[in-house]
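Student: Spelled out, the chains give:
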Amino acid sequence: MPQNKVLLSLRGLRKTFDTQEAVSGLDLDVYEGEFITLLGPSGCGKTTTLRIIAGLEMPTAGRVFLDGEDITRLAPEKREVNTVFQNYALFPHMNVWKNIAYGLRMRGASRAEIDEKVPRMLEMVQLEGFGRRLPSQLSGGQRQRVAIARSLILSPKLLLLDEPLGALDLQLRRQMQQELKRMQRQLGITFIYITHDQEEAMTMSDRIALMRDGRFVQLDTPKGLYEQPRTAFAASFIGETNLISATASAVKDDEVLLDISGFEVPCACEDWITPGEQLLISLRAERLRLAAQPVNTPCRVTGELLESQYAGSERTSLVRLPDGQVLHVRSTTEGEQVPDKGSQVSVWWQQTTGVIVRDDREENQ
Amino acid sequence: MKKNSAWAGVYMALVLVLLYLPILVVVLFSFNGNPGRTANFHFEGFSLQWYRALFDPATGYGQPLRTSLMVALWSVALSALLGSLGAIGLVRRPVRRSILGRVGNLALTLGEQIAVLPIMIPEIILGIALMVLLTLFGIPFGMLSLVLSHVAFCVPYIFITVRGRLASMDPGLEEAARDLGATPLKVLTTITLPLAMPAVVSGCLLAFAMSMDDFVISFFVNGPQTNTLPVKIYSSVKVGVPPHVNALCTVMLVVVFLIVAFSQMLQSGKLRRQERRDNRDGRTADAQD
Numbered sequence: 049m050p051q052n053k054v055l056l057s058l059r060g061l062r063k064t065f066d067t068q069e070a071v072s073g074l075d076l077d078v079y080e081g082e083f084i085t086l087l088g089p090s091g092c093g094k095t096t097t098l099r100i101i102a103g104l105e106m107p108t109a110g111r112v113f114l115d116g117e118d119i120t121r122l123a124p125e126k127r128e129v130n131t132v133f134q135n136y137a138l139f140p141h142m143n144v145w146k147n148i149a150y151g152l153r154m155r156g157a158s159r160a161e162i163d164e165k166v167p168r169m170l171e172m173v174q175l176e177g178f179g180r181r182l183p184s185q186l187s188g189g190q191r192q193r194v195a196i197a198r199s200l201i202l203s204p205k206l207l208l209l210d211e212p213l214g215a216l217d218l219q220l221r222r223q224m225q226q227e228l229k230r231m232q233r234q235l236g237i238t239f240i241y242i243t244h245d246q247e248e249a250m251t252m253s254d255r256i257a258l259m260r261d262g263r264f265v266q267l268d269t270p271k272g273l274y275e276q277p278r279t280a281f282a283a284s285f286i287g288e289t290n291l292i293s294a295t296a297s298a299v300k301d302d303e304v305l306l307d308i309s310g311f312e313v314p315c316a317c318e319d320w321i322t323p324g325e326q327l328l329i330s331l332r333a334e335r336l337r338l339a340a341q342p343v344n345t346p347c348r349v350t351g352e353l354l355e356s357q358y359a360g361s362e363r364t365s366l367v368r369l370p371d372g373q374v375l376h377v378r379s380t381t382e383g384e385q386v387p388d389k390g391s392q393v394s395v396w397w398q399q400t401t402g403v404i405v406r407d408d409r410e411e412n413q
Numbered sequence: 697m698k699k700n701s702a703w704a705g706v707y708m709a710l711v712l713v714l715l716y717l718p719i720l721v722v723v724l725f726s727f728n729g730n731p732g733r734t735a736n737f738h739f740e741g742f743s744l745q746w747y748r749a750l751f752d753p754a755t756g757y758g759q760p761l762r763t764s765l766m767v768a769l770w771s772v773a774l775s776a777l778l779g780s781l782g783a784i785g786l787v788r789r790p791v792r793r794s795i796l797g798r799v800g801n802l803a804l805t806l807g808e809q810i811a812v813l814p815i816m817i818p819e820i821i822l823g824i825a826l827m828v829l830l831t832l833f834g835i836p837f838g839m840l841s842l843v844l845s846h847v848a849f850c851v852p853y854i855f856i857t858v859r860g861r862l863a864s865m866d867p868g869l870e871e872a873a874r875d876l877g878a879t880p881l882k883v884l885t886t887i888t889l890p891l892a893m894p895a896v897v898s899g900c901l902l903a904f905a906m907s908m909d910d911f912v913i914s915f916f917v918n919g920p921q922t923n924t925l926p927v928k929i930y931s932s933v934k935v936g937v938p939p940h941v942n943a944l945c946t947v948m949l950v951v952v953f954l955i956v957a958f959s960q961m962l963q964s965g966k967l968r969r970q971e972r973r974d975n976r977d978g979r980t981a982d983a984q985d
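Taken in order, these protein sequences are the chains called X and R. Throughout the first sequence, residue numbering follows the numbering used here, covering 49 to 413 in sequence. Throughout the second sequence, residue numbering follows the numbering used here, covering 697 to 985 in sequence.
Hints may contain errors.
Heads up, simulated DSSO-like pairs for lysine-lysine below, C-alpha to C-alpha not over 30 Å straight-line [claimed, not checked]:
1) LYS882(R) x LYS205(X)
2) LYS229(X) x LYS271(X)
3) LYS882(R) x LYS126(X)
4) LYS165(X) x LYS882(R)
5) LYS53(X) x LYS126(X)
6) LYS882(R) x LYS146(X)
Don't read these hints as lab results, they were simulated from the structure. Because the structure is a prediction, the values reported are computed rather than measured.
Working from the sequences, and respecting the hints, build out all of it.
Tutor: What follows is the structure, given as structure tokens:
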């Protein structure tokens, strides 16, 4: 949603703990009303980034701007930013009502304002009648709702959520995902959401910032990230993909002719590719098709069917190319005709399925 | 195994007898009906005469008891302030990564260890040291010297309990409070202190018991007009044990026992209350509210 104005900007953000760099140079613009997710494996610096935005951590270098104002050195209590913590951090000695009213009290809100707003929040998170309970008397999902209500009652410009659904079971997670999304739309508050769950990120976000080793690997819409991953890490972190090495045999305009294990296959070109270069191509397993007979399409390879596993709705087949690389193919089982194991099969795909990615695999090893 | 546990039982009984028999004798003789000079040797039936003597202003211990209580209350109050704030300051100190910060941190860690030391220093050494120090500063021996000395050994009890409580407390709670708009001072008064309070109270009770019970240190630093109860008992015992000392000891025993038990309950009680609530909740979750 680039039509909205920028709410939060990170510029050259860095954070070093002792000798370890947790965040190494982040630049990000978050637009008003946006739901943006920081996605990445544990230890990729996403929580540190969030804590810097909240003011709970000072960056080693770089600046944080909220609404155009530099808040890098501003104390957390002075920022119009609130956080939903991973373990909820509800105050155990206060009941639900007092937990939710805490922020208003700290702002010096009047009794009347508190008595008006707290019930509204309780209603929004569907916890009417729970005001006098202590956090220890609530279930995980209920605690989660209190934590959200406690932050939202201050109508922050920006809400930070640090793996808020991490402790919930799958069913509750799904339900809370929808509720969070509903609240975000209803209130129009900008959300920065942290998760390591790619499915959660895909279903909820307007944009996803994929992180690794303190850097953004790719900042894109869920669809862009899935369809057009820019690196091998991005391609393999989300969904299941085949990373196949190929050689660029000829480059013409916006198309490159690849040599995959002796087969000539066209693919959309990236501007950094030069002829003769070793490349990686990402082929999503469920976008590949299997055929016993060669299909008349430019994007196809032939190999030996090694394995074919039936798993209800899907079948996973392993096809070995002449140079030894193995392709995973996921196909629907409806009306299928399964070629014999050991036979030569054809694997084909739409040209847009193949995406050339930068090889950033060994960085982490 | 069977044989082992039988021996363990015998051993346990032996330890308990050795520990508690002398105390039981004192308790028993406090109810002695024998009014004569042999009251500490011959038990002659049950009577409350020594308790009556104890509370009789002529023979009683009213003045030393008042002194002891005053000393205990003042020193516990001062220690609570010093010990709690010290523990909060040390546990919640910011992590500094500069060279100077690291040196300071090391010094504080050392200080943390030293602060606990008075518990382990032999009382007689502490007593003599305090006596010398008070003389050096020209502080007269009396109420003030007693309170100052008691503070010296009361602080660690409160410091240790509060520090333990804070160390096990989620620092995320204080961050959440800051996040919700609380200034550091507000965080202290609305989050840290209320959550540390059970430990503060429990530490105070322990310190109170220690102060009431202290003889060695008080002996060195008390003034002529300010005999604490244990010092008074000691001086009356020097000329033969007056039987009502037994009654006094029994009363002190009961009071100290109750205080320590209450302090223990405070420390572990939080958890148990929690469990009870959870159990009750499991059963009647739908019926509530």
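Student: Determine for every hint whether it applies to the structure shown.
Tutor: So, going through the hints one by one against the coordinates:
Only pairs whose Cα atoms come within 30 Å are accepted, and LYS882(R) paired with LYS205(X) is accepted, the gap being roughly 23 Å. Restraint check: the Cα-Cα separation between LYS229(X) and LYS271(X) comes to about 18 Å, which is no more than 30 Å; the hinted pair holds. Among the hinted pairs, LYS882(R) with LYS126(X) is consistent with the structure: their alpha-carbon atoms are about 13 Å apart, no more than 30 Å. Restraint check for LYS165(X) and LYS882(R): the C-alpha separation of about 22 Å stays at or below 30 Å, so the hint holds.
For the given pair, LYS53(X) sits about 22 Å from LYS126(X) by alpha-carbon distance, which is consistent with the 30 Å threshold. Between LYS882(R) and LYS146(X) the alpha-carbon distance is near 15 Å, which keeps this suggested pair within the 30 Å criterion.
Every hint from the earlier list agrees with this structure, and none is contradicted.
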